[in-house]
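Okay, here's what each chain looks like letter by letter:
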Amino acid sequence: METSPLQRALKAAPDRSSVGQARPEQEFFCFKVGELRLGVPSETVLEVFRAGRLTPLPRTPAFVMGVTGHRGQVLPVLDLLRFLGKGEARVGERTRLCVGASGPYVAAVVADSVLGLRRILTSDILPPPLGGDAAAEHLLGVVQPGTRGEGIALLNFAKLLQTARQRAVMR
Amino acid sequence: MSARTVQDAPETVDILLVEVGEEVYGVDASQVLRIDRAGPQSFALAALGALRHGRRTLVYWTDSGEAQLKVDAVRGVSAVPLACLRRMPPAATRSPLAIGLSLAEERPVVLIDLPRTF
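As you go down the protein sequences, you meet chains U and D in turn.
Residues 2 to 172 in our numbering are what the first sequence lists, from first letter to last.
Residues 2 to 119 in our numbering are what the second sequence lists, from first letter to last.
For the record, the hints were derived by calculation from the structure and aren't laboratory data.
Take the hints with a grain of salt, since some may be wrong.
Each pair of labels, with its calculated beta carbon distance range [to be verified]:
#: 1; chain 1: U; residue 1: Gln145; chain 2: D; residue 2: Gln32; range: 55 to 61 Å
#: 2; chain 1: D; residue 1: Val60; chain 2: U; residue 2: Gln74; range: 33 to 39 Å
#: 3; chain 1: D; residue 1: Val75; chain 2: U; residue 2: Gly53; range: 20 to 26 Å
#: 4; chain 1: U; residue 1: Gly104; chain 2: D; residue 2: Val75; range: 38 to 44 Å
#: 5; chain 1: D; residue 1: His54; chain 2: U; residue 2: Gly104; range: 26 to 32 Å
#: 6; chain 1: D; residue 1: Pro82; chain 2: U; residue 2: Ala102; range: 23 to 29 Å
#: 7; chain 1: D; residue 1: Gln32; chain 2: U; residue 2: Leu127; range: 53 to 59 Å
#: 8; chain 1: U; residue 1: Val115; chain 2: D; residue 2: His54; range: 40 to 46 Å
#: 9; chain 1: D; residue 1: Ser65; chain 2: U; residue 2: Glu151; range: 21 to 27 Å
#: 10; chain 1: D; residue 1: Arg35; chain 2: U; residue 2: Arg51; range: 55 to 61 Å
#: 11; chain 1: D; residue 1: Gln32; chain 2: U; residue 2: Pro146; range: 54 to 60 Å
#: 12; chain 1: D; residue 1: Gly40; chain 2: U; residue 2: Glu89; range: 33 to 39 Å
#: 13; chain 1: D; residue 1: Glu107; chain 2: U; residue 2: Pro128; range: 42 to 48 Å
Which bits of chain U does chain D cover? Going by a derived footprint, with three or more residues having C-beta under 8 Å, they are [stated by the list, open to error]:
#: 14; stretch: 52-62
#: 15; stretch: 114-121
Derived, one-sided and incomplete: chain U residues facing chain D with beta-carbon distance under 8 Å [stated by the list, open to error]:
#: 16; residue: Thr69
#: 17; residue: Gly70
#: 18; residue: Val100
Even glycine gets a Cβ: it sits at the ideal position worked out from N, Cα and C.
Please take these sequences and the hints and turn them into a complete structure.
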């Protein structure tokens, strides 16, 4: 018996969609601090909460803004603008703290506003600019403006937290 | 920490709360010999922040003798439950000055080891 075009097509059809493999994407938690729009892999972010008044610590680097108590835990609070050499963050009523983890090290970073979770196509992520400043070493890549709204710098959050930890304790 | 150490630890620790500028710090009350008016022997510790006036001083003992640390005000002694004490987050600072935090107050209070201030 001759097979119909539909049956032939079905025989040739793949078992599963290959679209996901061809255009893989990553989920990033995106936020704004100062003039920077930053994204970090969503799996490294534990939670986000409103910043209260911070307790400054004596003899710490300027990028350690202090500590805050949250759910019975003491969290160091980092200023990414100072850490990346891009200015200085300010804590106000709308400031949020994003808690991230890298292994046993848990810390919070200051965000002026939360942009939300964004699924970004891997193909849309461009490599960090060559010959960039010191901040470039902590970038996974950048998403150019126009691809999906404004440009976003994607941070290697785990590496950034580790570097921050080393810089804080090496003083 | 061993079970023996936990058993030996007191249920509360007396923390003397003091103000330096806008900040509140805690010190082990047992380390303070007395609270006095600041005098020529008193010193300010810049790492704790700028003093408003520094009219009070905590007098305590160090290996070098008596030391007098200027503070703005003394809030009093608080019996802080052990459950409210936290060690300094390992990544926050390596300064031996700050030895821990108390969560008994509205926000974390940095606990200072007085003998290391001198």
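Check your understanding: Are glutamine 32 of chain D and leucine 127 of chain U spaced within 53 to 59 Å by their CB atoms?
Key -> The hint (53 to 59 Å, Cβ to Cβ) holds, given that glutamine 32 of chain D and leucine 127 of chain U are roughly 57 Å apart.
Practice item. Determine whether the Cβ-Cβ distance between histidine 54 of chain D and glycine 104 of chain U falls within the hinted range of 26 to 32 Å. Key: Because 45 Å falls outside the window, the suggested range is violated.
Review point. Holds or violated: 20 to 26 Å for the Cβ distance of valine 75 of chain D and glycine 53 of chain U?
Key: Because 25 Å falls inside the window, the suggested range holds.
Point to revise | Outcome for the supplied range 21 to 27 Å, where the beta carbon pair is serine 65 of chain D and glutamate 151 of chain U | key: violated (59 Å)
Exercise for review: Verify the coverage statement for the stretch 114-121 of chain U against chain D, using a C-beta to C-beta distance below 8 Å and requiring 3 or more qualifying residues.
Suggested key: violated (count 0)
Practice item. Starting from the range 40 to 46 Å, see whether the pair valine 115 of chain U and histidine 54 of chain D falls in it by beta-carbon distance. Key: holds (41 Å)
Exercise for review: State, for the Cβ atoms of glutamine 145 of chain U and glutamine 32 of chain D, whether the hinted interval 55 to 61 Å holds or is violated.
Suggested key: Once the Cβ atoms are compared, 58 Å apart, the range 55 to 61 Å for glutamine 32 of chain D and glutamine 145 of chain U holds.
Exercise for review: Kindly confirm whether 33 to 39 Å is satisfied by the beta carbon distance between glycine 40 of chain D and glutamate 89 of chain U.
Suggested key: Roughly 38 Å apart at Cβ, these two residues keep to the hinted range, so it holds.
Exercise for review: Between the stretch 52-62 of chain U and chain D, see if three or more residues pass the 8 Å beta-carbon test, and mark the coverage as holds or violated.
Suggested key: holds (count 9)
**Study point:** Whether the CB-CB distance between proline 82 of chain D and alanine 102 of chain U falls inside 23 to 29 Å
**Key:** holds (28 Å)
Practice item. Would you settle whether the hint for valine 100 of chain U is holds or violated, based on the nearest Cβ-Cβ distance to chain D being less than 8 Å? Key: violated (12 Å)
**Study point:** 33 to 39 Å as the expected CB spacing between glutamine 74 of chain U and valine 60 of chain D, which holds or is violated
**Key:** Holds, since valine 60 of chain D and glutamine 74 of chain U (Cβ atoms, about 35 Å apart) stay within the stated range.
When the structure is compared with the earlier hints, violations turn up for hints 5, 9, 10, 15 and 18 and for no others.
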